Amino acid sequence: MTSRRGFIKGGGLALFGIGIGGIPGFLAEAVAGTQSPGLFKRKKIMVCIFQRGAMDGLMAVTPFTDEYLKAARPTLFMSAAKGSSEKPLIDLDGKFGLHPSMSAFEPMFRDKRMAIVHGIGSPNNTRSHFDAQDYMESGTPFKKGTDSGWLNRAVGLLGHEAATPFQGISLTTSLPRSFYGDNAAVAINNLQDFNLQMKGNPASVNMAAKSFEDLYDQTSSNLLKETGKESFDAIKMLQKTDIKNYKPSNNAVYPNTALGNSLKQIAQLIKMDVGLEVAFTESGGWDTHFNQGKETGIFARNVNDLSESMMAFWTDMETFQDDVTVMTMTEFGRTVRQNGNGGTDHGRASCNFILGAGVNGGRVHGTINPLSVENLEDGRDLAVTTDFRSVFSEVADKHLGIHNDKVLFPEWTSKTIGVMT
Amino acid sequence: MKASVKIVFASLSMLSSLVLTSSFPKDNEPYKLSFPYKHAGLTERQAAAHLLSRFTYGAKSGDVDALVKEGLEKWYQRQLDGDLSDKGLESMLEPYKDINLTNDEVQNKYPRQPKVLRMAIKDGVINKDSIGKGDQKVYRKQLQVYRESKGYGQEQDLLRQFINQKVLRATYTNNQLHELLTDFWFNHFNVSLTKNQCAAYVPAFERDVIRPNVTGKFSNLLMATAKSPAMLIYLDNYTSSGKPVATTDIDEMQMGMSGMKQRQVKAIKQRKQGGGLNENYAREVMELHTLGVDGGYTQSDVTQAARVLTGWTIAPLGEDGAYGAAFKKVIDRIGAANLVKNGFIKDGDFLFVPTRHDNEEKIILGKKFAPGGGYEEGVELLNMLAHNSATAKFISKKIATRFVNDQPDPKLVDKMAMTFLRTDGDIKQVLITMVSAPEFWSAKSLREKTKSPFELAISAVRGLDAQVTQPYQLYNWINKMGQKMYYYQAPTGFPDRGQYWINTGALLNRMNFGLALAAQRIPGVKIDLLALNNNHEPESSEAALNTYSKLIMPERDLSKTLERLKPLLNDPELTMKIAKAAEKAPVPQPKVNTMMAGEIGMMPEAIPDSSAKRKTATTQKTNNSMLAQVVGVIIGSPEFQRK
Numbered sequence: 001m002t003s004r005r006g007f008i009k010g011g012g013l014a015l016f017g018i019g020i021g022g023i024p025g026f027l028a029e030a031v032a033g034t035q036s037p038g039l040f041k042r043k044k045i046m047v048c049i050f051q052r053g054a055m056d057g058l059m060a061v062t063p064f065t066d067e068y069l070k071a072a073r074p075t076l077f078m079s080a081a082k083g084s085s086e087k088p089l090i091d092l093d094g095k096f097g098l099h100p101s102m103s104a105f106e107p108m109f110r111d112k113r114m115a116i117v118h119g120i121g122s123p124n125n126t127r128s129h130f131d132a133q134d135y136m137e138s139g140t141p142f143k144k145g146t147d148s149g150w151l152n153r154a155v156g157l158l159g160h161e162a163a164t165p166f167q168g169i170s171l172t173t174s175l176p177r178s179f180y181g182d183n184a185a186v187a188i189n190n191l192q193d194f195n196l197q198m199k200g201n202p203a204s205v206n207m208a209a210k211s212f213e214d215l216y217d218q219t220s221s222n223l224l225k226e227t228g229k230e231s232f233d234a235i236k237m238l239q240k241t242d243i244k245n246y247k248p249s250n251n252a253v254y255p256n257t258a259l260g261n262s263l264k265q266i267a268q269l270i271k272m273d274v275g276l277e278v279a280f281t282e283s284g285g286w287d288t289h290f291n292q293g294k295e296t297g298i299f300a301r302n303v304n305d306l307s308e309s310m311m312a313f314w315t316d317m318e319t320f321q322d323d324v325t326v327m328t329m330t331e332f333g334r335t336v337r338q339n340g341n342g343g344t345d346h347g348r349a350s351c352n353f354i355l356g357a358g359v360n361g362g363r364v365h366g367t368i369n370p371l372s373v374e375n376l377e378d379g380r381d382l383a384v385t386t387d388f389r390s391v392f393s394e395v396a397d398k399h400l401g402i403h404n405d406k407v408l409f410p411e412w413t414s415k416t417i418g419v420m421t
Numbered sequence: 001m002k003a004s005v006k007i008v009f010a011s012l013s014m015l016s017s018l019v020l021t022s023s024f025p026k027d028n029e030p031y032k033l034s035f036p037y038k039h040a041g042l043t044e045r046q047a048a049a050h051l052l053s054r055f056t057y058g059a060k061s062g063d064v065d066a067l068v069k070e071g072l073e074k075w076y077q078r079q080l081d082g083d084l085s086d087k088g089l090e091s092m093l094e095p096y097k098d099i100n101l102t103n104d105e106v107q108n109k110y111p112r113q114p115k116v117l118r119m120a121i122k123d124g125v126i127n128k129d130s131i132g133k134g135d136q137k138v139y140r141k142q143l144q145v146y147r148e149s150k151g152y153g154q155e156q157d158l159l160r161q162f163i164n165q166k167v168l169r170a171t172y173t174n175n176q177l178h179e180l181l182t183d184f185w186f187n188h189f190n191v192s193l194t195k196n197q198c199a200a201y202v203p204a205f206e207r208d209v210i211r212p213n214v215t216g217k218f219s220n221l222l223m224a225t226a227k228s229p230a231m232l233i234y235l236d237n238y239t240s241s242g243k244p245v246a247t248t249d250i251d252e253m254q255m256g257m258s259g260m261k262q263r264q265v266k267a268i269k270q271r272k273q274g275g276g277l278n279e280n281y282a283r284e285v286m287e288l289h290t291l292g293v294d295g296g297y298t299q300s301d302v303t304q305a306a307r308v309l310t311g312w313t314i315a316p317l318g319e320d321g322a323y324g325a326a327f328k329k330v331i332d333r334i335g336a337a338n339l340v341k342n343g344f345i346k347d348g349d350f351l352f353v354p355t356r357h358d359n360e361e362k363i364i365l366g367k368k369f370a371p372g373g374g375y376e377e378g379v380e381l382l383n384m385l386a387h388n389s390a391t392a393k394f395i396s397k398k399i400a401t402r403f404v405n406d407q408p409d410p411k412l413v414d415k416m417a418m419t420f421l422r423t424d425g426d427i428k429q430v431l432i433t434m435v436s437a438p439e440f441w442s443a444k445s446l447r448e449k450t451k452s453p454f455e456l457a458i459s460a461v462r463g464l465d466a467q468v469t470q471p472y473q474l475y476n477w478i479n480k481m482g483q484k485m486y487y488y489q490a491p492t493g494f495p496d497r498g499q500y501w502i503n504t505g506a507l508l509n510r511m512n513f514g515l516a517l518a519a520q521r522i523p524g525v526k527i528d529l530l531a532l533n534n535n536h537e538p539e540s541s542e543a544a545l546n547t548y549s550k551l552i553m554p555e556r557d558l559s560k561t562l563e564r565l566k567p568l569l570n571d572p573e574l575t576m577k578i579a580k581a582a583e584k585a586p587v588p589q590p591k592v593n594t595m596m597a598g599e600i601g602m603m604p605e606a607i608p609d610s611s612a613k614r615k616t617a618t619t620q621k622t623n624n625s626m627l628a629q630v631v632g633v634i635i636g637s638p639e640f641q642r643k
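Quick mapping for you: the protein sequence lines, in order, are chains A and B. Just so you know, our numbering puts 265 at position 265 of the first sequence, and the rest follows in order with no gaps. Just so you know, our numbering puts 360 at position 360 of the second sequence, and the rest follows in order with no gaps.
Because the hints were derived from the structure by calculation, they are not lab data. Predicted model, so just to flag it, every value in this text is computed and none were measured. The C-beta atom is built at its ideal place from N, Cα and C for all residues, glycine as well. It is possible that part of the hints are untrue.
Heads up, simulated PhoX-like pairs for lysine-lysine below, C-alpha to C-alpha not over 25 Å straight-line [what the hints assert, rightly or not]:
hint, chain 1, residue 1, chain 2, residue 2
1, B, K550, A, K210
2, A, K225, B, K32
3, B, K444, B, K397
4, A, K225, B, K560
5, B, K566, A, K210
6, A, K294, B, K128
7, A, K294, B, K133
8, A, K143, B, K328
9, A, K70, B, K560
10, A, K87, B, K133
11, B, K122, B, K328
12, A, K225, B, K550
13, B, K411, A, K229
14, A, K143, B, K397
15, B, K566, B, K32
16, B, K444, B, K560
17, A, K210, B, K128
18, A, K225, B, K115
19, B, K133, A, K229
20, B, K128, A, K70
21, B, K411, B, K397
22, B, K137, A, K294
Here are a few chain B residues that sit away from chain A, every Cβ distance over 12 Å (derived from the structure) [stated by the list, open to error]:
hint, residue
23, K69
24, E70
25, E73
26, L93
27, G151
28, T215
29, G242
30, E279
31, D406
32, T423
33, Y472
34, L515
35, T561
Chain A on its own, in the form it takes in the complex (with noise of 0.2 Å):
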């Protein structure tokens, strides 16, 4: 099989003999919004999207027909009601309803592209951010000293050498605990800083960089050497679209947050076709401790960038969308009641999202008991009925075809839920 790399380099392609900038005819033509020349078998990607800061996941998806809900959340309970408010919850199957700022999520949820699992989360009741966004990203639940990252031995399983260095990317400025490990991940918080930045004329731009190029294809080590080529390799990659003036398919419209921003990003890596099989990005303020708000107000906001985004990106992946599973994740989910500012605490479970092609969707999947204080975690939090880790590796086998779940997961054997087909 031809790799991407091994295409590359097989096309004699000296891009800094041409010049930096110049975009060799036969790549050009294979730019933007169109599907490569199909030269490659194309790879699953999975998307994983970490809402830092613990969802709400009673307020994001609510069982509304909950009385002991109800009562515990005087001014933050909605209903799905017509008339009972501006914008009532979307109902999705009569027990639970939709945050009305997620409205971009109902045609996908309809469309049984998307599923929702309600009552994930961890089978460690630690309430501190920190610790459970450690826990998660690790994939060891019980265990601070993994080296690893679940995503990094994601990309470790995929079961082939990566053909290109995207092959787990990150879209933050750091690397994210999920990509800690000794398989290649790289962060890139913004694709157009991936290039030599020269302020120089192009003449020794080009000199910098043909300098850069010989000198590392030269070394006496194999890891500078190896590294070298990749790098280079890579930004030839990149050069062959305009990454500025990126024009997403569908007249699909990301929103101009953080979080439209990188999942723009790994779609324009997508349909490049660079090699990219684990991609990571995340968005925050999610801790809503304050005046939380109802159908409008920081939760409003902040579900409506997570839909609307997650949106933009699935009409924009068009055709791509067999390859593509997106899923979101949130290191728990706040108290089922209320406290005196209009707020909620830390919780337990909370629900996360899983959208694409492969999905067992139309469905809220997992078991939400009554909320009553004998139902609940401590006596106060939504209960944890499905470990997170049984999604994650179901996405990840399913998907990926990751079927190794003891290295994915150590210490815990595999109880799938069904929320993939």
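Please build the complex by placing chain B on the supplied structure of chain A, with the hints as guidance.
Using the frame of chain A, we list chain B on its own:
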């Protein structure tokens, strides 16, 4: 497995006491060091360069000469002592006063955001119904004004000062080895600024816990870390309890959630009633700090060690007590003088609380800890771990990995481990054994380490004799290159191997760093390339390459690097293109076009519009730009990534 290791160590250490005792004088005696570099075929200058590569953040120009003049052994001895005067550095650190605050003072001056918010609400400055609504800028401004009116600082500023001092110390301290060891031991006992709860205590952790102990006994280092607020919080031992928890002993009440209802507090209490044993620290102290993952302990050892360490927590800090708030009242009630009588131990910021301690019998690594051991059994446990033969080997290997190469010769590690066991874990002696061994000087060790991003950045500014006035700019670059200092989340610390640092994005940023630094595009980092060469302007780009690569990488075989670059530099067409482009470019305004002229000087402030002078300026600009580029390429070259 374990037994056999012990036997090997026992026999080796007997052997070592026969062979080596004479060459290891007592602490107070002068060292009689002798480095076997000649056997490895190294000249004295090459050996000096190797020492500089391993025990400094990079050679400055002239360092090799100075070291040879002083004598290699003498230099190393003075670095081990680490008491050279650092006046220059101290004045540079002047602006960063808060790095000297105690944890108590930090607690008072830098209260965390939720606390400030609660106070602001209480004082009526902020209406709690307005939070999250309306203009966020106005809200943040209100909070800032309130904070300032109270004389509070923002934690970010404290951490910024802390990071700035790290960069400055590494760049300018004369006690380079102590600085490297501080970095090494910090990373070994990693705590992370990503965990907000412990972030404000990290500066004191480095200053009081790590720095004074870097060449001392390993057991002192271990004990100091175990009792530090940063570690107690980072690995959760401060919450660990072997007994039902007293009513007031709920950390959320003081620290965390605002406005919690009584009912919820009760629920949390119920949750904690069972006693809250937390094994995190106990596990990592064995796996990461002492024995190593293959050190022969079991899960049962971990649990029992956690029980031994129950009650090890944080004393009340600051006016409100912070994490020790629950014990503030207790201490006030029984009186500070009566603490010991009541079974408490207060040692600085550390507090042992007897009512939280599990007083039953425990067995760890086959050793029995009798009931009623109290605080002392924790000390005994840590000492036992610090002196274990697996620890000796694990620590020795880690030191050799950092200072020799990524896969240190097992023979070298054995020698160091023997010294470790023989000297009661004396780090200084272990370091002496390492450098006195032929393996340290072998070809397998020379230039076989890949610089971490931090090491790369600091070695570059040292090599170019840069004036760093905005250290944070360097920190940002180091982060971009893949090493967010102090923010490594896992207790493992940053991995210490080349593969970890060298990946596509990171490598590209290393090249970009070299270009940016040499072209003076990093604000607050000034260099004077001509001064580095005694103000001689190189006559050609080839001359620049020859001169500066030798200045920046002394005593290295650079023939290959030079060979590769020369044809490029000599390409007449290219040179012409650059000259032409430079001519077309507007006359440089130092402020805007710093990459061209910068501080290289000699450029008149305003250039008269006469064509002759204009031409001179253009030539100079071309040369300067060429020089900057050559130096940038050297910094970004594979050879400079190695040490």
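Inset, instruction - Take a quick look at E279(B) and tell me if its Cβ sits farther than 12 Å from every Cβ on chain A, holds or violated. - result: violated (8 Å)
Legend entry - Restraint status (C-alpha distance of K294(A) to K133(B) at most 25 Å): holds (12 Å)
Inset, instruction - Compute the least Cβ-Cβ separation between L93(B) and chain A, then decide whether it is above 12 Å. - result: holds (26 Å)
Inset, instruction - Quickly compare the C-alpha distance for K122(B) and K328(B) to 25 Å and report which way the hint goes. - result: Satisfied, since the Cα-Cα distance of roughly 22 Å is no more than 25 Å.
Inset, instruction - Given the hint that K294(A) pairs with K128(B), test it: the Cα-Cα distance must not exceed 25 Å. - result: holds (16 Å)
Legend entry - Status of the stated non-contact between D406(B) and chain A (beta carbon gap over 12 Å): Since the minimum Cβ distance to chain A is about 10 Å, D406(B) lies within 12 Å and the statement is violated.
Legend entry - Proposed proximity, K397(B) with K444(B) (alpha carbon, max 25 Å): holds (16 Å)
Legend entry - Status of L515(B), Cβ more than 12 Å from any chain A Cβ: It is violated; L515(B) is separated from chain A by about 6 Å at its closest Cβ, not greater than 12 Å.
Legend entry - 25 Å Cα cutoff - pair K411(B), K397(B): OK: K411(B) and K397(B) at ~10 Å, within 25 Å.
Legend entry - Beyond 12 Å from every chain A Cβ - status for G151(B): holds (25 Å)
Inset, instruction - Taking the shortest Cβ-to-Cβ distance between T215(B) and chain A, state whether it exceeds 12 Å. - result: holds (26 Å)
Inset, instruction - Just double-check K69(B) for me: nearest Cβ-Cβ distance to chain A has to come out over 12 Å. - result: holds (32 Å)
When the structure is compared with the earlier hints, violations turn up for hints 2, 8, 9, 13, 15, 17, 18, 19, 30, 31, 34 and 35 and for no others.
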